[in-house]
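Chains as they are written, first to last, in numbering that gives the first Met the number 0: chain A, 0 to 710; chain B, 0 to 153; chain C, 0 to 138.
These are computed hints drawn from the structure, not numbers from a lab.
Glycine included, C-beta positions come from ideal geometry on N, C-alpha and C.
One should not assume that every hint holds.
[As the list claims (entries may be wrong)] Beta-carbon label-pair distances, calculated as ranges:
{"hint": "1", "chain 1": "A", "residue 1": "Glu-249", "chain 2": "C", "residue 2": "Gly-87", "range": "37 to 43 Å"}
{"hint": "2", "chain 1": "C", "residue 1": "Pro-24", "chain 2": "A", "residue 2": "Gly-277", "range": "30 to 36 Å"}
{"hint": "3", "chain 1": "B", "residue 1": "Met-0", "chain 2": "A", "residue 2": "Arg-347", "range": "36 to 42 Å"}
{"hint": "4", "chain 1": "A", "residue 1": "Gly-694", "chain 2": "B", "residue 2": "Arg-68", "range": "43 to 49 Å"}
{"hint": "5", "chain 1": "A", "residue 1": "Pro-179", "chain 2": "B", "residue 2": "Ala-63", "range": "52 to 58 Å"}
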Amino acid sequence: MTTRREFLKVSTALGGGLAFGFHLPAANAQSVAPEINAWVVVRPDDTVIIRYARSEMGQGSMTSAAQLVAEELECDWSKVRVEYADTNAHVRRKRAWGDMAAVGSRTIRQSQDYLRKAGAGAREMLLIAAAQGWNAPVAECTASSGVITHGPSGRKTSFGKVAGEAAKLAPPKEVTLKDPKDWKIAGKPIRRVDIPDIVAGRIRYGIDAQLPGMVYAAIAQCPVFGGKLKSVDAAKIEGRRGVIRVLPMEDYVAVVADNWWRAKEALKELPIEWSFGGNESASSESIQQFLRAGLDDPSNVVVARRDGELEQGLAGAAKVLEAEYFTPYLAHATLEPMGCTAVVKDGRVDVWTSTQNAEASHATAAATAGVPLENVYVHRVQLGGGFGRRGGSQDFVRQGVQIAKAMGSTPVKLLWTREEDTQHDFYRPLSLVRMKAGLDASGNPVAWYARVSAPSIISTLLKLPLKEGVDPQAVVSFADQPYAIPVVRVEYAQRNPHVPVGFWRTVGHSQNPFMRECFVDELASAAGKDPYEYRRGLLPAATKEHGVLEATAKAAGWAGPLPAGVHRGIAVTEAYGSYVAAVAELAVNDKNVVDIKRLVLGIDCGHVVNPDNVVAQMQGSAVFMLTAMFWGDITIKDGRVEQSNFHDYRMMRLREMPKVEVVLAPSGGFWGGVGEPGQAAIAPAICNALFAATGRRIRSLPLKNHGFEIA
Amino acid sequence: MIQLTVNGRSREVDVEPEMPLLWVLRDVLDVKSPKFGCGIAQCGACTVHVNGEPVRSCSFPVSAAAGKRVLTLEGLAPAGRLHPVQQAWIEHQVPQCGYCQGGQILAAVALLRKKPNPTDKDIDEAMTNICRCGTYARIRTAIHAAAKSGKVKA
Amino acid sequence: MRRRSFLVVLLGLAFGARADPLLDPITKGAPVRQGRVKLEMPLLADNGNSVAMKVSVESPMTEADHVRAIHLVSERNPEARMASFHLGPRAGAAEIISRVRLAGSQRVVALAEMSDGSFWMGSASVVVTLSACVDEMLS
Numbered sequence: 000m001t002t003r004r005e006f007l008k009v010s011t012a013l014g015g016g017l018a019f020g021f022h023l024p025a026a027n028a029q030s031v032a033p034e035i036n037a038w039v040v041v042r043p044d045d046t047v048i049i050r051y052a053r054s055e056m057g058q059g060s061m062t063s064a065a066q067l068v069a070e071e072l073e074c075d076w077s078k079v080r081v082e083y084a085d086t087n088a089h090v091r092r093k094r095a096w097g098d099m100a101a102v103g104s105r106t107i108r109q110s111q112d113y114l115r116k117a118g119a120g121a122r123e124m125l126l127i128a129a130a131q132g133w134n135a136p137v138a139e140c141t142a143s144s145g146v147i148t149h150g151p152s153g154r155k156t157s158f159g160k161v162a163g164e165a166a167k168l169a170p171p172k173e174v175t176l177k178d179p180k181d182w183k184i185a186g187k188p189i190r191r192v193d194i195p196d197i198v199a200g201r202i203r204y205g206i207d208a209q210l211p212g213m214v215y216a217a218i219a220q221c222p223v224f225g226g227k228l229k230s231v232d233a234a235k236i237e238g239r240r241g242v243i244r245v246l247p248m249e250d251y252v253a254v255v256a257d258n259w260w261r262a263k264e265a266l267k268e269l270p271i272e273w274s275f276g277g278n279e280s281a282s283s284e285s286i287q288q289f290l291r292a293g294l295d296d297p298s299n300v301v302v303a304r305r306d307g308e309l310e311q312g313l314a315g316a317a318k319v320l321e322a323e324y325f326t327p328y329l330a331h332a333t334l335e336p337m338g339c340t341a342v343v344k345d346g347r348v349d350v351w352t353s354t355q356n357a358e359a360s361h362a363t364a365a366a367t368a369g370v371p372l373e374n375v376y377v378h379r380v381q382l383g384g385g386f387g388r389r390g391g392s393q394d395f396v397r398q399g400v401q402i403a404k405a406m407g408s409t410p411v412k413l414l415w416t417r418e419e420d421t422q423h424d425f426y427r428p429l430s431l432v433r434m435k436a437g438l439d440a441s442g443n444p445v446a447w448y449a450r451v452s453a454p455s456i457i458s459t460l461l462k463l464p465l466k467e468g469v470d471p472q473a474v475v476s477f478a479d480q481p482y483a484i485p486v487v488r489v490e491y492a493q494r495n496p497h498v499p500v501g502f503w504r505t506v507g508h509s510q511n512p513f514m515r516e517c518f519v520d521e522l523a524s525a526a527g528k529d530p531y532e533y534r535r536g537l538l539p540a541a542t543k544e545h546g547v548l549e550a551t552a553k554a555a556g557w558a559g560p561l562p563a564g565v566h567r568g569i570a571v572t573e574a575y576g577s578y579v580a581a582v583a584e585l586a587v588n589d590k591n592v593v594d595i596k597r598l599v600l601g602i603d604c605g606h607v608v609n610p611d612n613v614v615a616q617m618q619g620s621a622v623f624m625l626t627a628m629f630w631g632d633i634t635i636k637d638g639r640v641e642q643s644n645f646h647d648y649r650m651m652r653l654r655e656m657p658k659v660e661v662v663l664a665p666s667g668g669f670w671g672g673v674g675e676p677g678q679a680a681i682a683p684a685i686c687n688a689l690f691a692a693t694g695r696r697i698r699s700l701p702l703k704n705h706g707f708e709i710a
Numbered sequence: 000m001i002q003l004t005v006n007g008r009s010r011e012v013d014v015e016p017e018m019p020l021l022w023v024l025r026d027v028l029d030v031k032s033p034k035f036g037c038g039i040a041q042c043g044a045c046t047v048h049v050n051g052e053p054v055r056s057c058s059f060p061v062s063a064a065a066g067k068r069v070l071t072l073e074g075l076a077p078a079g080r081l082h083p084v085q086q087a088w089i090e091h092q093v094p095q096c097g098y099c100q101g102g103q104i105l106a107a108v109a110l111l112r113k114k115p116n117p118t119d120k121d122i123d124e125a126m127t128n129i130c131r132c133g134t135y136a137r138i139r140t141a142i143h144a145a146a147k148s149g150k151v152k153a
Numbered sequence: 000m001r002r003r004s005f006l007v008v009l010l011g012l013a014f015g016a017r018a019d020p021l022l023d024p025i026t027k028g029a030p031v032r033q034g035r036v037k038l039e040m041p042l043l044a045d046n047g048n049s050v051a052m053k054v055s056v057e058s059p060m061t062e063a064d065h066v067r068a069i070h071l072v073s074e075r076n077p078e079a080r081m082a083s084f085h086l087g088p089r090a091g092a093a094e095i096i097s098r099v100r101l102a103g104s105q106r107v108v109a110l111a112e113m114s115d116g117s118f119w120m121g122s123a124s125v126v127v128t129l130s131a132c133v134d135e136m137l138s
C-alpha cells in the first residue's frame with residue numbers, strides 16, 4: 000500500500016499536482032532530478048530546470064530571470080524549462096530562494112546578482128565534475144550551450160552526463176560574472192517561456208484550480224469600509240438548488256454551493272444586515288474637505304525635505320507662482336478578480352491563489368489556519384493581472400482559508416465578483432498638493448515648495464512606523480526632485496480617510512510626477528521658455544534624467560515642425576531606479592475630443608535583460624495610464640464606492656490605443672525597474688500638450704471631469 | 000438535460016437553463032480557457048464561439064447553446080498544431096498576463112473568418128475585448144500578420 | 000584620531016569589548032556571549048502585529064546560578080527594547096512564551112542576564128511578508 004507521502008512524491012515526479020487533479024504544465028513541479036543548487040536542476044537528458052521564485056503576472060520576469068541564470072550557466076536555452084520554487088520547500092530550507100515578492104519593479108534588479116551567481120556557480124560545478132571524470136585540470140575545460148569541452152584533448156561531454164556528480168560537489172566560494180556586453184542570452188529579445196501555454200489555453204490562473212469534491216464560495220463584504228456583519232437570514236436561501244452552507248463571518252458572509260454561479264445567485268437573494276461602523280456619511284466631498292484641511296492646517300505637518308529657507312527664497316523672487324493639483328482614488332481592476340482555493344485537512348493547508356507574493360500567502364494561510372509554516376503548501380499559478388493588488392494585502396487568502404476551515408476538509412474555491420473587486424480594493428491614494436515656486440528675473444526657479452495632503456499606505460495598510468512621520472511614497476518625486484533649485488521645501492500632511500489604500504502600479508510615481516512636471520511646465524511658461532530647453536537647463540548634465548530627456552526629445556523630433564493643430568508636451572522623471580521621459584503629440588477638436596497622434600516613451604533602465612519585454616511593458620503602461628487619466632475616478636457616497644463594474648469604471652479599448660513609440664536608452668552600469676516606471680511621465684506629457692493645444696492648465700485628473708474624451 | 004457539443008465532443012448537462020454557458024463550461028465541464036472578468040459582457044474574457052459566432056458566454060444562457068457547437072481556445076487547433084492566429088500571437092509575443100487572450104484570440108479568429116483582410120477600422124470594431132495589461136498594439140499587429148499569412152480559413 | 004584615544008580603542012578591542020549600540024544600553028558594554036539562549040520565532044509572519052516567540056535559557060535556576068532577566072531587543076522597531084522579563088530562582092525554568100510586535104522584517108535578539116552578571120544571547124530573523132513592498136524604503 001502506498002503511503003500518502005510516497006504517492007505525493009511520485010505524482011510530483013510525474014510533473015503535476017496530479018494527486019489533486021489539478022493539471023499543470025509538465026515543468027511546473029518540484030523536480031526530483033539532481034539539484035546542482037537551489038536554482039538549477041539538470042536532468043540526464045540535458046533538460047535544464049531553472050527555478051523562479053517570484054510571480055509572473057505578465058511583466059515577463061519569469062523569462063528574464065531565467066535568461067540571467069542561463070547566461071552564466073552556459074546552457075542550451077532550447078533545453079531550459081522554468082519551474083516555480085515551492086514555498087513549502089522554501090520554508091523547510093530556511094528561505095533558500097530569498098524574497099518571493101513581485102512588487103516594486105524589482106524582481107530583476109533585486110535578484111540579478113544572486114541569480115547570476117547561481118548560474119555561474121552551477122556552471123563551475125558541472126565543469127569540475129567533468130574535469131574530475133577526465134582527470135584533467137578544470138582550467139582546461141569550457142562550457143558552452145550545455146556542452147563541456149576539454150580544450151587540449153577535444154573530449155566532450157554534456158551537462159546531463161555530469162550533473163549527478165556535480166550535484167555532490169560543494170558550491171564554489173567565488174565566481175566571476177560576465178560583463179553584460181558579452182551576453183548571448185540575457186540582453187536578447189528571447190521569447191517568453193509562458194506564452195505558448197497561454198496561447199494554447201493550457202496556462203492556469205488561481206481561478207482555474209480544480210479539485211475533486213471541491214465546492215464554491217461567493218462572498219459579500221460590508222459596503223461601507225470598516226463595517227461588520229450584523230445578521231443574515233440564511234433560511235431565505237437554504238432550499239435553493241446547490242446551496243450547501245451560509246457562513247457568517249466577522250466582516251463578510253459567504254455562501255457555499257456546488258458551483259460558483261449558484262453561490263453567487265443565492266447570495267444576491269440573501270437578506271444581510273450590516274453594522275456600518277460609523278463612516279456611512281463619508282463622501283468624496285467630505286474627503287476632499289478633509290484633505291484640504293491638511294493643506295491649510297499649520298500644525299499637523301512634517302517636513303520631508305528642507306534645503307535653505309523658503310520664505311527668504313520666495314521673498315527674493317521676481318515672480319511667485321502657486322497652484323494646487325489633485326489626483327483621485329483609483330482601482331486596480333485586475334481582469335481576474337480576487338479569489339483563493341484552499342483545503343484544510345489533517346493539519347495541512349493547500350492553497351491555490353493568484354498572488355504577487357507566494358511567501359506572504361504562505362504566511363497568511365498558516366496564521367489563518369493556525370498551523371505551522373511547514374504544514375502549508377502554496378501551489379503556484381499565473382496571475383490574471385497584479386498591478387500591486389495582490390502583494391501588500393492577502394485579504395483573499397485569509398478569507399479563502401477561513402472558509403475552507405469552516406467547511407471541514409472539503410476544498411473550497413472562493414471567487415469575488417467584479418463588483419466586490421471594484422468596491423473592496425486597496426485603492427491608489429488620492430492626493431491634494433499645493434506647490435509654490437519663485438522665479439528669478441531670468442525665469443529660473445530659486446525656491447520651490449510642495450505640501451502633500453494624502454493618506455499613508457505604509458501606515459494604514461502595512462501598519463509600519465514612519466521615519467519622522469514621512470511616508471516616502473506620498474512625497475516621492477517632490478522630496479527627491481532632480482532640478483537644480485537652491486531652496487526646496489517639501490511637507491507632508493498625513494490624512495487617512497476611511498477608504499483603504501494600497502500599492503497601485505507605479506504608486507507615488509503614478510501621480511506625483513504628473514503634478515510636478517505640469518507645474519514645471521507652468522514655470523517654463525511663465526519664464527517664456529520652451530519646456531524641453533527649460534528642463535534641460537535645470538537638470539545637471541551628468542544626470543540620467545538629462546540623458547533620457549534628450550534621447551526622447553530627439554527621437555520625437557522635439558524641435559521640428561508639427562502638422563497644423565497638433566501640439567506637444569514633455570515630461571521626465573526617475574521612478575524605481577529607472578529614468579523615463581515622454582513626449583505627447585495631440586490635437587483637440589472643438590468638442591474636446593483628444594486625438595493622440597503619437598506618444599514617445601523613453602526609458603533608461605541601466606541594463607536591459609529582455610529588450611522586447613521592456614517595449615511591451617512600456618506599451619502596456621501607456622494603456623494603463625491613459626485609462627486612468629482619461630476616466631479613472633473612484634468616488635465615495637454614503638461611505639461606499641460608487642463604481643462597481645466596467646460599465647461605470649471605464650477601461651480603454653483597442654480602438655482608442657494611440658501610436659506608441661518606445662525609445663530604449665539604456666546607459667548601462669545599473670539595474671533599474673521596468674514594470675512600473677513606464678507610466679510615470681505619461682500624464683504630465685499629455686496634460687502639457689493639452690495646455691499647448693487649448694491654453695487650459697489641467698491640474699486634476701481624470702480628464703473626463705474637464706470635458707475631455709479620447710478619440 | 001441540455002445537450003451541446005463542446006470542442007467536437009457531445010456533452011450533456013443537468014443544470015438550470017438560465018445558467019450562463021461560461022459557468023457550465025468552467026465549473027461543470029472543466030473547460031478552463033474561457034475566463035470570468037466582469038459577468039456583464041463588458042470585458043470579453045469569456046468569449047467562445049457558438050456555431051461559429053463569437054459570444055460572451057458569461058451572459059449567454061446554456062439553453063441558448065442547446066444542440067449547438069461550442070468552440071473554446073482548447074478546441075481551436077488539433078493537438079500538436081496551432082491555428083495561424085495562435086502562431087501570430089507567439090510570433091509577435093502578444094500576451095502579457097494572458098488572462099484576456101483566450102477571448103482575444105477567438106474574437107480575432109471570428110473577425111478573420113468574416114474579413115480575411117481586415118482594415119484597421121475593421122479591427123477597431125471587432126476587437127472590443129478589454130486587455131488590462133495593454134497588449135492592444137500587438138493584437139493589431141498579430142491580426143494583420145495572420146491575415147497576411149493567408150492561412151486562415153473562412 | 001589622537002594617539003591616546005586610538006590606543007584605548009585598540010586595547011578595548013583586544014579585551015573583546017565591542018561597541019554594540021543595540022545591546023549596550025542594557026549590558027553597559029559588558030561582553031555578550033553567544034549560546035545558552037534559544038529564541039524561537041517563525042521564519043515568516045504575515046504581518047508584524049502579533050508574532051509568536053519563545054525564549055528558553057539553559058540554566059539550573061538555583062539561588063547560586065539563575066537567569067536574572069531576559070531582554071528582547073529589536074533592530075528595527077522605533078523602540079529597540081521590546082520587553083524585559085525579570086526572573087529569579089523561584090521561576091523554575093527560564094522560559095518565556097509571548098507575542099511581540101515587529102516593525103517589518105528584522106533580526107530579534109534575546110539577551111539573558113545571569114546571576115553572575117554575565118550576558119548570553121540568541122537571535123532569530125523574522126521576515127514580515129507584507130512589508131515586502133517597502134522593505135527597501137524603510138531600511
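Status of the given 30 to 36 Å range, CB of A:Gly-277 versus CB of C:Pro-24: 42 Å, violated
Range hint compliance [Cβ, A:Glu-249 to C:Gly-87, 37 to 43 Å]: 42 Å, holds
Distance restraint hint 43 to 49 Å, applied to the beta-carbon atoms of A:Gly-694 and B:Arg-68: 58 Å, violated
B:Ala-63 and A:Pro-179 - C-beta distance against the hinted 52 to 58 Å: Holds, at about 57 Å.
Cβ distance range 36 to 42 Å for B:Met-0 and A:Arg-347, holds or violated: Check passed, 39 Å falls within 36 to 42 Å.
Hint check: violations occur at hints 2 and 4; the rest are consistent with the structure.
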